[in-house]
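Chains as they are written, first to last, in my numbering: chain P, 1 to 234; chain E, 235 to 610; chain B, 611 to 902.
Among these hints, one or two may not hold up.
Covered, in the sense of this in silico footprint (three residues per stretch, anywhere, with C-beta under 8 Å from a C-beta of chain B), are these stretches of chain E [claimed, not checked]:
#, stretch
1, 448-460
2, 478-492
3, 516-527
4, 533-544
Computed list of chain P residues with no C-beta within reach of chain B, every gap over 12 Å [to be verified]:
#, residue
5, R45
6, T89
7, L164
8, Q177
Worth flagging that the hints you see were computed from the coordinates, not collected in a lab. In this text, all values refer to a predicted model and were calculated from it rather than measured experimentally. C-beta atoms are modelled at their ideal positions from N, C-alpha and C, and glycine is treated no differently.
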Amino acid sequence: MLSVRDLTAGYGAVTALDGVSFDAAEGEITAVLGANGAGKSTLLRTISGLVRPSRGSVTLAGLDLGTVPVEGMAAVGLAHVPEGRGVITELTVEENLRLGALGRGGRVGAADLERAYSLFPILAQRYRASAHVLSGGERQMLVIARALLARPRVLLLDEPSLGLAPRIVVQIFELVQTLVRADGLTVVLVEQNARSALSIANRGVVLNLGRVVVSDEAAALAGNERLRHAYLGF
Amino acid sequence: MATETSTETSAGQERPAHRRRRGGRLGAFLFATPLRRHLVLAVLAMVAVSVALESTDAFRNGQLAAMAYFGIAAGGLTVLVGLNGQISLGHGAFMAIGAYTAALMLRGENPLPLAVVLVAAAAVALAAGALVGVAAARLHGPYLAGATLALAVAVPGIPLHFSGVLGGEQGLTVRVPAVPDWFADAVFFVTGQDPGRSRYLGYVGWFCLVVTFVLLANLARGRVGRTWRAVRDNEVAAELAGIDLGRARVLAFVVSATCAGLAGGLLALSARIAAPSGFTLSLSLLLLSAIVLGGLGSLPGALVGAALLTFLPQLATTLGQDLGLSDVRAAELAPLAYGLVTMLVVLFAPSGIAGWVRRRRTSPSSSPVPSGRHET
Amino acid sequence: MQQLFTTLLTGLTLGMVYAAFALALVLIWRATRIVNFAQAPMAMLTTYVALVLIEAGYSYWLGFAAALLSGLVLGALVERFVIRYVDPRSEINPVILTLGLFIVLHALAALVFGARYRSFPAPFGLRGFQVGDTTIALTGFGIFTILSVLAVVVLLVLLFRYTDVGLKMRASAFNQEVARLLGVRVGRMLTLGWALAAVVGSLSGLLIAGGGLVHPSFMDGVVVYGFVAAVLGGLDSPVGAVAGGLILGLSLSLVSGYVGSQLVSLAALAILMAVLLVRPGGLFARVRERRV
Ligand SMILES: Nc1ncnc2c1ncn2[C@@H]1O[C@H](COP(=O)(O)OP(=O)(O)O)[C@@H](O)[C@H]1O
Ligand SMILES: [Mg+2]
């Protein structure tokens, strides 16, 4: 579904990504793992066009994303939930959700909101509230719900577990798994919490200093003790 | 004048003077330290100015005097904006303060010597600058700009209100003191001509400019200048290095305002009047554009800007008249040119400005693509 | 008593005009973190558009509409072709840029329209209403001023609260990156924001000019008052801008009536400094302190 080839990018003199290649298969969860500063966020930012690559390509179902501006990503079916969540706290919960659907060019229908609220009942209770008052877990739910309203084919999630209580993390990961099973969504899940991520992922890609160290079945990665110690921290 | 301040970000990159100058032992001696180099250049500049003043008529003398006071004001402003990263849209107000001070002091039957008057003009502006600077030290970017803009608009209202003392709309006429005998004798001895008042004021203005620039250049070169640049480049780092941010900013503001006050005093002498209409918002804005054109933080640049402010209007007006415009309209061509070039410099020569003034503190941690640009 | 009443009414009318101008500054500040000092000459220029049409014999209202429309176009052009290219990370460059534009527009107006004072008509009476045998300071044009600014505020609220475009504009203002990822064409929203702001600015120009004199500098003071009003309100808040405008209008009117009209701008400076030093977040700031 999503195919990354030889992707190289950086910030000025800093090279943050160096020849990264991997595939995210349709209807699967691909975990991207690695220590802080490994280049995981940069990878997602380059895929969605926020960072322009100096080399390499990204294709989504055969479409070269290099020609698509950031603003056009939602329309071609790519949703990116950035690190630190990206809730617009100055807007209400409902406005955040409406924005998700607007982006793909459509109007938000009652059915869309209905579905978002059924997936995340907590949001239904607070839809008029300012997003500012939501808890961390609720914010994460809001941004995932918002991303889904654009009806993406590929969802890029950047550290959804960051700063959340373990109980909430489980809840959110289960939800991601449900979405993949129900809708055939393709997910690229960036995580430092490798153990949890591998428990729901089909495959995993391990980054270190901007390069792919290994990419394999999730179970194989989780079973490789040396790798776990060296790069995954569990 | 080549009393240049560093154009590099760090003071450590300045070229040692002696490497650029070859020549004999005298040369080596004269150019050994920045101060000596500045003094030598100052003397050379004074000689060049004398030649220029003696070889031109009273009208050109007047223009040169104008260039001198614009140069002093611009020099002070460029230190503030370029070296310390503060902005002032209110320097016209400090010039007004200097001008009115000079005008008031020259009123009586036996006015004090001119030097005292000019020092007083600078001193009053210094006091005002300290007052404003203390408040301004806490403000940044657009807030500082807005506050100083308000100052520029507010100050000309004061003489209108206190019209009894300050002459109201008409302003105060300024009596230029007679040319001192020793000066007239000295000039006569060299040139065989009596200097007129315009020429005298030209000498006074340029003498003040040279002194001001030597002082500014030495300040910029020294510890104070390094402090200013450190504050400009990164406030947090400067504070960690033990710099008192408030003090550094207030000092820069005070120095800058003092220059403007001196310039205002000279302006009052040259124009022979101090009136509110001489200190409109446009004056402050043109000063700012002058230093942007010349390159922020550079004293020679300030002088180039001052030359443009002085001589471009006439050229542009003549050009406009040739194109068939009335003189009133043709006079607008010069500010049009300043404004346009100012915008172009800010947009397309950011290395000249942005590199120095950019605060790394505010640079976003996010994308290297400037967030102001988007595909539409 | 009579004088106080008169002073307050004048202040109210004036305050509404400052509110409109402050609103224009706030709209742009929210969207691009730039204080548009060139708002004053932009409004001056569009007022001249109206004046030229009216002097050519067209109706006041046609001139009025043309001024607002040219404001829309001018604002969009300025954002798209000038502001878009400034380094947003610098504190000083945008300020210098808008001031450069200030000088250019000023010179351009004087070049094209001449620098002399020209009188600008008002569509409604400029004499106070007669109640019994006293004249109150509220004029027909004053009422028009108050109502038109209120109408603009209501329209803006409706736009931002209830339309998709308004939502996209707000999202772009608050978080450009997230808005872009959600497919919002942020660049267009910024252009639109500048265009709308310039329309509001143009309105304030027309209101200041009505029944008065127009020349290239006639808005210069207003940029200061508008800025002070916007800062009073917190610079980020449209409602604050209106409140700030009213407070400033009333205060300045009192200064003008009881102290001296030439000291009005000095009073504005004093108010500005007091607010910046004591309540940098504006009079209505809740908790968050703001770096000024
Ligand atoms: N905006 C930026 N400017 C400069 N360097 C950056 C920026 N963002 C990230 N980097 C650098 O790029 C590298 C990769 O960072 P990132 O992609 O955020 O890693 P991760 O998400 O895996 O923690 C790091 O060395 C980081 O310091
Ligand atoms: Mg990261």
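Fill in: Given coverage of the stretch 533-544 of chain E by chain B, checked by CB-CB distance under 8 Å (3 or more)
violated (count 0)
Worksheet entry | Consistency of the no-contact label for P/R45, given chain B and a CB cut of 12 Å | 9 Å, violated
Worksheet item: For the stretch 516-527 of chain E, do at least 3 residues have a Cβ located nearer than 8 Å to some Cβ of chain B?
Response: holds (count 6)
Discussion item. Taking beta carbons only, do three or more residues of the stretch 478-492 of chain E come closer than 8 Å to chain B?
Written reply: As far as the stretch 478-492 of chain E goes, the hint is violated, because 0 residues have Cβ atoms under 8 Å from chain B.
Practice prompt. Decide, holds or violated, for the assertion that all CB atoms of chain B are farther than 12 Å from the CB of P/T89.
Written response: 8 Å, violated
Practice prompt. Quick one: work out the minimum CB distance from P/L164 to chain B and report holds if it exceeds 12 Å, violated otherwise.
Written response: Answer for P/L164: holds, closest chain B Cβ roughly 19 Å.
Practice prompt. Examine each Cβ of chain B, and state whether all of them lie more than 12 Å from the Cβ of P/Q177.
Written response: 23 Å, holds
Worksheet entry | Coverage claim, chain B over the stretch 448-460 of chain E, checked by counting residues with Cβ within 8 Å (three needed) | violated (count 0)
Checked against the numbered hints given earlier, the structure breaks hints 1, 2, 4, 5 and 6 and satisfies all the rest.
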